[in-house]
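J.: Okay, here's what each chain looks like letter by letter:
Protein chains: 2
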Amino acid sequence: MNKTTLLSIFTFFTLPLMAQKSTFTLNDLIPGGSSYYRNSVPENKYLTWWGDECIEQDIHECRIINKKDGSVQTLITLEQINDILQTADRKIVRHLYDTSFPYAEKSLVLLSDSNRRILIDWKEKNVVWETALDIKAAHLDWNFPASALNSQSSTLSPQLSLAYTIDHNLYVLTADGKTHQVSSDGSIDLIYGESVHREEFGISKGTFWSPDGALLAFYKMDQSMVSKFPQVNITLPEYPVNSQPSSATSSRCATMSPDPYPMAGETSHKVYVGIFNPQTDKTLYLNTGDPTDRYFTNIAWSPDGKKLYLIELNRDQNHGSLDEYDALTGEKLRTLFTEDNDKYFEPLHPIQFLPWDDTKFIYQTRKDGYNHLYIYNVEGKCLQQLTKGTFEVFDVLGFNKAQKTILYASNEQDPLQQNVYSVDMKGRRTLLGNKTGWHNATLSESGNYFIDNYSSPTIARNIDIVSTLNSKSSPLNYLTASDPWDQFQVPEMKVGTIKAADGVTDLYYRLILPTNFDPSKKYPAVIYVYGGPHAHNIDASRHWGVRGWDIWMAQQGYVMFCLDNRGSEHRGLAFEQATFRQLGVEEMKDQLCGVEYLKSLPFVDGDRLGVHGWSYGGYMTTSLMTTYPDVFKVGVAGGPVIDWHFYEVMYGERYMDTPQTNPEGYEKTSLLNKAKNLKGRLLIIYGGNDPICVPQHTLSFMRACIDADTYPDLFTYPGDEHNMMGTDRVHLHNIITRYFEDHLK
Amino acid sequence: MNKTTLLSIFTFFTLPLMAQKSTFTLNDLIPGGSSYYRNSVPENKYLTWWGDECIEQDIHECRIINKKDGSVQTLITLEQINDILQTADRKIVRHLYDTSFPYAEKSLVLLSDSNRRILIDWKEKNVVWETALDIKAAHLDWNFPASALNSQSSTLSPQLSLAYTIDHNLYVLTADGKTHQVSSDGSIDLIYGESVHREEFGISKGTFWSPDGALLAFYKMDQSMVSKFPQVNITLPEYPVNSQPSSATSSRCATMSPDPYPMAGETSHKVYVGIFNPQTDKTLYLNTGDPTDRYFTNIAWSPDGKKLYLIELNRDQNHGSLDEYDALTGEKLRTLFTEDNDKYFEPLHPIQFLPWDDTKFIYQTRKDGYNHLYIYNVEGKCLQQLTKGTFEVFDVLGFNKAQKTILYASNEQDPLQQNVYSVDMKGRRTLLGNKTGWHNATLSESGNYFIDNYSSPTIARNIDIVSTLNSKSSPLNYLTASDPWDQFQVPEMKVGTIKAADGVTDLYYRLILPTNFDPSKKYPAVIYVYGGPHAHNIDASRHWGVRGWDIWMAQQGYVMFCLDNRGSEHRGLAFEQATFRQLGVEEMKDQLCGVEYLKSLPFVDGDRLGVHGWSYGGYMTTSLMTTYPDVFKVGVAGGPVIDWHFYEVMYGERYMDTPQTNPEGYEKTSLLNKAKNLKGRLLIIYGGNDPICVPQHTLSFMRACIDADTYPDLFTYPGDEHNMMGTDRVHLHNIITRYFEDHLK
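The listed protein sequences correspond, in order, to chains H and C. Letter by letter, the first sequence follows residues 96 to 840 of this note's numbering. Letter by letter, the second sequence follows residues 96 to 840 of this note's numbering.
Honestly, the hints are just simulated from the structure, not real lab data. Quick caveat: nothing in here was measured; it's all calculated off a predicted structure. Just to be clear, a hint being listed does not mean it is correct.
Put simply, identical chains are the same to the list, so a pair is met inside one copy or across any two.
To be verified - Subject to a maximum C-alpha distance of 25 Å in a straight line, what follows is the list of computed DMTMM-like cross-link-like pairs (lysine to aspartate or glutamate):
| id | residue 1 | residue 2 |
| --- | --- | --- |
| 1 | Lys771 | Glu816 |
| 2 | Lys771 | Asp823 |
| 3 | Lys774 | Asp823 |
| 4 | Lys694 | Asp317 |
| 5 | Lys774 | Asp280 |
| 6 | Lys365 | Glu664 |
| 7 | Lys300 | Asp421 |
| 8 | Lys694 | Glu587 |
| 9 | Lys496 | Asp229 |
| 10 | Lys589 | Glu419 |
| 11 | Lys728 | Glu836 |
| 12 | Lys774 | Asp837 |
| 13 | Lys220 | Asp354 |
Take these sequences, add in the hints, and give me the full structure.
T.: In structure tokens, the structure reads:
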């Protein structure tokens with residue numbers, strides 16, 4: 096690492112005028128703070144699509160935006176809607192934020208209001224459909240099949256339907272008003288219609304409508320054989336202070352909530368894929384055979400709704416197969432192809448059929464080292480690698496059927512960016528919209544347009560409406576939000592790269608100077624770290640994606656530093672897999688390169704280094720404090736992993752294999768073994784009901800430290816889970832700050 | 096309070112020579128510390144009685160002590176015992192500490208070695224009896240009835256027996272070698288043969304042999320209707336780091352231990368009294384009627400073993416009755432008398448029949464304001480108040496049948512002392528043995544002698560053998576132990592009194608000056624507090640009963656202060672009951688008198704006051720920090736009560752009544768309501784599995800502080816219960832000390 100070179104490129108992006116600017120309060124900077132929205136979140140607009148019409152949703156009305164000049168025209172008003180509701184003798188609604196427009200050709204708007212769902216035809220001025228869901232209804236999954244458009248009137252054909260769950264049972268509500276109870280034995284041990292496999296492998300939901308809405312594929316998970324982590328409810332909503340027990344049998348005593356949690360190497364749950372037919376009220380299950388230690392992921396339907404595809408993964412997570420099942424019989428038809436990886440194979444994207452060719456689909460894989468799009472035919476033959484290069488395709492955004500192009504997001508422009516691209520069937524890629532920053536795009540129905548909500552280090556928030564047809568044409572800029580931080584003293588910030596511990600790889604860092612920086616002073620420095628897979632800290636979004644707390648600490652007089660080490664996301668498979676079977680080891684080496692860099696800065700007091708992180712970052716913090724006890728003086732670890740033995744099967748075994756097959760890796764990375772090394776001040780904070788990094792991690796570490804005669808500190812948020820939200824989050828950051836102020840300043 | 100007067104009486108007891116003396120380590124001062132026994136515990140001897148022969152128990156031999164001159168003579172040696180065992184082809188034993196000599200007239204010694212119990216006749220050189228108990232056997236209760244002496248040989252008659260429990264079931268082993276299983280449905284919900292009512296009301300065991308050993312009375316407790324507190328086992332002995340689950344069904348996941356815990360005002364357990372007859376193998380239960388909300392306490396047998404007495408108390412704990420039951424039928428014969436109290440009635444002592452008169456018994460009550468001995472006849476008529484005065488009788492030690500005297504302990508000599516007295520049937524009291532200090536006495540069989548193990552502020556430990564026959568004769572001094580603290584710099588200490596907040600009552604305090612005290616300096620001061628009933632901190636035992644940690648803190652440069660406020664023990668009923676229905680309120684007022692006194696001392700820095708306490712003292716500490724937030728800068732509260740709603744029925748309702756009948760008292764004393772007042776630094780420490788002050792106290796307070804935007808600190812000892820023991824206790828006191836060093840110095 097050439098420090099001179101690094102220092103020579105040291106330029107600061109902002110040289111704010113300090114005069115007349117305010118200082119931040121913590122409430123300005125932390126989500127949940129009373130002034131956070133006012134003082135940290137740039138203005139936003141809520142836009143959605145009605146076919147290719149861009150609609151702005153507001154409290155009192157929905158407006159159509161003219162995509163040429165940005166002028167708006169009222170589409171519907173709250174008054175109109177409530178007139179229709181009152182005429183039909185229904186309860187009114189209070190705002191038009193939660194609206195959606197399912198059919199481009201129809202004047203239909205779906206409204207949500209608490210547990211009510213109402214479909215209104217605003218031209219016909221009638222209530223097409225209304226339902227009041229059980230207050231416990233969850234996991235709502237609407238289906239508005241195209242076939243409903245066959246009807247000339249706005250009356251919907253019965254294909255329209257809604258899947259949802261109550262108390263782990265699955266229900267389907269069809270447009271004829273009939274409620275189908277798909278399961279009745281749901282429980283904490285037997286889950287229907289919800290996400291499975293602990294949301295790994297790209298799984299985020301448990302119901303999957305066939306394209307025509309005729310069938311509903313769903314997950315069923317049996318976790319009766321899984322160990323239950325004994326979560327305890329300490330704070331009882333039914334016990335306001337001094338209340339008496341509400342009945343002879345009720346008690347103000349804390350209660351238990353056993354939570355199935357399969358720990359690495361132990362017995363895991365079993366997953367089944369069912370298919371429910373609302374017309375016959377029948378359910379069948381895919382005939383997969385014994386599901387023990389098999390992952391059924393990335394469910395996708397064939398365009399004709401007759402076949403179901405999924406990617407099956409073995410428990411070792413090094414072998415996958417794309418399998419085709421008959422949706423009507425549940426029988427497996429064939430394996431289209433398989434994919435293996437020496438370390439781990441992690442399928443995250445269901446296959447997607449091309450809208451213009453039912454015989455071909457997109458398959459995403461990192462088999463060449465980066466996630467890219469490939470075209471396969473239904474025989475399982477790879478026809479083409481559509482994208483290629485040392486960048487990551489993040490995801491497919493949709494299609495332009497007429498143009499036969501695929502719209503997707505990637506970081507081809509810069510490893511820190513997310514931009515929108517189109518690619519045609521010849522693999523020609525076109526950057527769409529603004530080429531800087533971090534873009535979140537929502538495609539119109541035809542794919543001719545997308546709403547582009549983006550920011551960059553110097554753009555607080557822009558919303559453009561971008562045409563996908565002509566990359567040369569200027570997008571319509573609908574919103575340019577001012578930066579609420581403009582009124583504040585924002586510290587100077589710099590992003591750059593240093594070399595990783597391998598001497599080769601560039602790692603991105605973000606350095607923040609103390610507010611009112613005086614280069615002749617020596618400042619304490621705090622490293623904020625995450626370091627785990629599927630996450631990054633530094634990107635080209637607003638203010639380089641900085642966290643509010645880092646700004647707060649800079650204002651208190653700390654140099655703040657952050658480095659995305661090897662193992663983090665968006666840098667390719669080899670970068671991520673450098674940590675395989677020994678999580679934390681290479682990551683820490685990289686962080687020590689960051690320390691070396693920090694210490695080389697003349698204004699950093701190398702004797703006053705702190706570190707803070709949460710979750711994987713809590714693991715990194717505790718690891719750093721106990722592996723390099725002479726480097727860090729103070730650490731604050733939140734919701735940490737302490738020992739991968741206590742982490743769950745799906746995530747844990749991907750990176751660590753099992754304790755049975757990788758005992759040396761588990762031993763090497765266990766912080767229980769390192770508790771004896773603790774020298775500096777280490778505060779560990781955990782959510783009292785953390786279901787992710789269960790309290791066993793923190794409490795086992797406390798026990799290990801006590802036994803080893805070392806002295807950590809502790810804080811807990813009873814009733815909170817893995818992350819503190821709302822005002823607890825502000826309290827948390829006061830606790831974290833206080834600890835550094837007590838011991839590092 | 097007249098400060099001038101108080102200061103004028105300020106004299107220090109010790110003026111140690113500082114030169115050449117060592118400083119303490121924490122390990123020297125805290126039980127569990129590696130050098131605690133060597134450097135804090137004066138030499139001791141283990142003595143027991145064989146009839147009226149005083150026996151010293153040692154590892155290699157037992158010796159008879161000549162009560163006149165203290166010379167010793169070997170009684171039995173380990174070698175002799177092991178010869179006997181080897182000859183009988185039995186396993187040898189390793190020491191003679193755990194010996195007892197059940198019959199004065201017989202050469203029988205009972206040995207305990209792990210789970211073996213062996214009765215040996217050392218003259219006959221044979222093993223009379225041996226049994227190996229189940230490793231889980233607990234609550235052992237031997238019966239060596241006098242009737243066994245009828246036998247000429249040393250072979251014991253079948254009356255000799257042993258009651259014990261395994262997994263909450265009761266067993267009786269008789270001398271014929273037969274094991275009787277008294278119950279078989281024992282469980283955590285149904286407890287046989289153990290202490291009940293949470294050890295309140297003087298209950299410390301669950302089995303009671305009749306005088307002739309023919310019958311066994313026992314407690315049975317049904318707690319199936321009681322709420323279970325969800326204790327969690329985080330640290331699993333079966334999970335050494337990196338071990339694999341021992342079987343497919345085992346897991347390293349934390350487990351639950353639901354613990355029946357009836358909270359104030361809620362449904363409580365039900366207690367039954369059974370009587371088992373080993374000769375018929377039959378059990379009957381006292382016909383008490385529905386036991387709901389009734390306490391059956393202080394079980395006693397009539398001398399003839401035909402009647403059973405108990406003191407029944409109502410749930411309100413303000414009305415008791417002495418009831419007589421027929422031990423052969425279980426029917427209630429009569430109520431001898433009742434006792435009521437406006438606040439609470441707390442019977443702590445079973446009746447005791449006079450050995451020389453089967454028609455009379457001793458009943459202890461505080462009905463005149465202090466605990467005293469009364470003589471009743473079996474008709475329930477009070478014949479005589481035997482002791483009287485503004486002092487407390489602590490307990491009856493035994494009898495001298497020939498002299499018709501009762502031996503007892505009391506603080507008549509001084510409220511801070513415990514001395515041994517005899518009283519004859521005319522109520523003439525005689526002080527026996529040394530008149531200073533704190534005495535623990537063990538009576539010989541006849542009552543002619545007692546072993547007197549005592550200390551005083553200037554006596555580390557003496558063991559005298561005292562004759563009860565002639566109070567004028569000098570006792571034999573068998574041990575004068577040197578004080579291991581003589582080699583250390585012991586800080587100056589003073590005990591005195593100040594007036595309570597009522598302006599009338601004298602309260603005892605203990606003040607410790609910093610080691611190497613410099614009167615021209617200003618020192619931070621820390622108050623150690625308990626403050627609850629049934630406890631005191633200051634007495635006339637060695638070094639005024641000072642705690643090692645107080646000495647440690649004095650060595651770190653703190654003034655240490657402790658005050659036994661109203662509500663604490665040994666000062667009479669009115670003193671104790673001043674706190675009724677509002678625990679903490681009067682106690683805090685008294686502690687503030689202590690603060691006023693402390694602040695009046697020229698060397699105390701009134702801006703640096705700290706407070707520390709455990710259990711009730713943790714409640715007091717948290718109360719003081721949140722009630723007087725401008726007085727105390729730093730507090731450390733251990734295992735605190737936070738809200739009496741969460742405390743158990745027996746203790747809690749005695750002092751607080753129920754939340755239903757005393758809602759204002761519960762509200763006034765709830766620290767959840769005061770969490771918002773916290774200003775200073777408050778560290779709360781709790782045992783992760785505390786079954787007494789369940790973690791719900793601490794965690795609810797944490798939640799209340801978070802919600803109120805106040806900032807306590809936290810520490811926990813996972814796996815520990817209400818108190819930290821062993822090396823954890825040393826760790827704990829390092830944590831406590833560090834907190835004051837961090838924030839008060």
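J.: Are the hints correct? Go through all of them and say.
T.: Hints, one by one, checked against the model:
no., hint, verdict
1, Lys771 <-> Glu816, "between (28 Å within a copy, 23 Å between copies)"
2, Lys771 <-> Asp823, "between (31 Å within a copy, 15 Å between copies)"
3, Lys774 <-> Asp823, "between (29 Å within a copy, 18 Å between copies)"
4, Lys694 <-> Asp317, "neither (52 Å within a copy, 66 Å between copies)"
5, Lys774 <-> Asp280, "neither (53 Å within a copy, 52 Å between copies)"
6, Lys365 <-> Glu664, "neither (29 Å within a copy, 61 Å between copies)"
7, Lys300 <-> Asp421, "within (21 Å within a copy, 70 Å between copies)"
8, Lys694 <-> Glu587, "within (18 Å within a copy, 49 Å between copies)"
9, Lys496 <-> Asp229, "neither (39 Å within a copy, 79 Å between copies)"
10, Lys589 <-> Glu419, "neither (50 Å within a copy, 87 Å between copies)"
11, Lys728 <-> Glu836, "both (12 Å within a copy, 18 Å between copies)"
12, Lys774 <-> Asp837, "both (16 Å within a copy, 16 Å between copies)"
13, Lys220 <-> Asp354, "neither (48 Å within a copy, 62 Å between copies)"
When each numbered hint is compared with the structure, violations occur for hints 4, 5, 6, 9, 10, 13.
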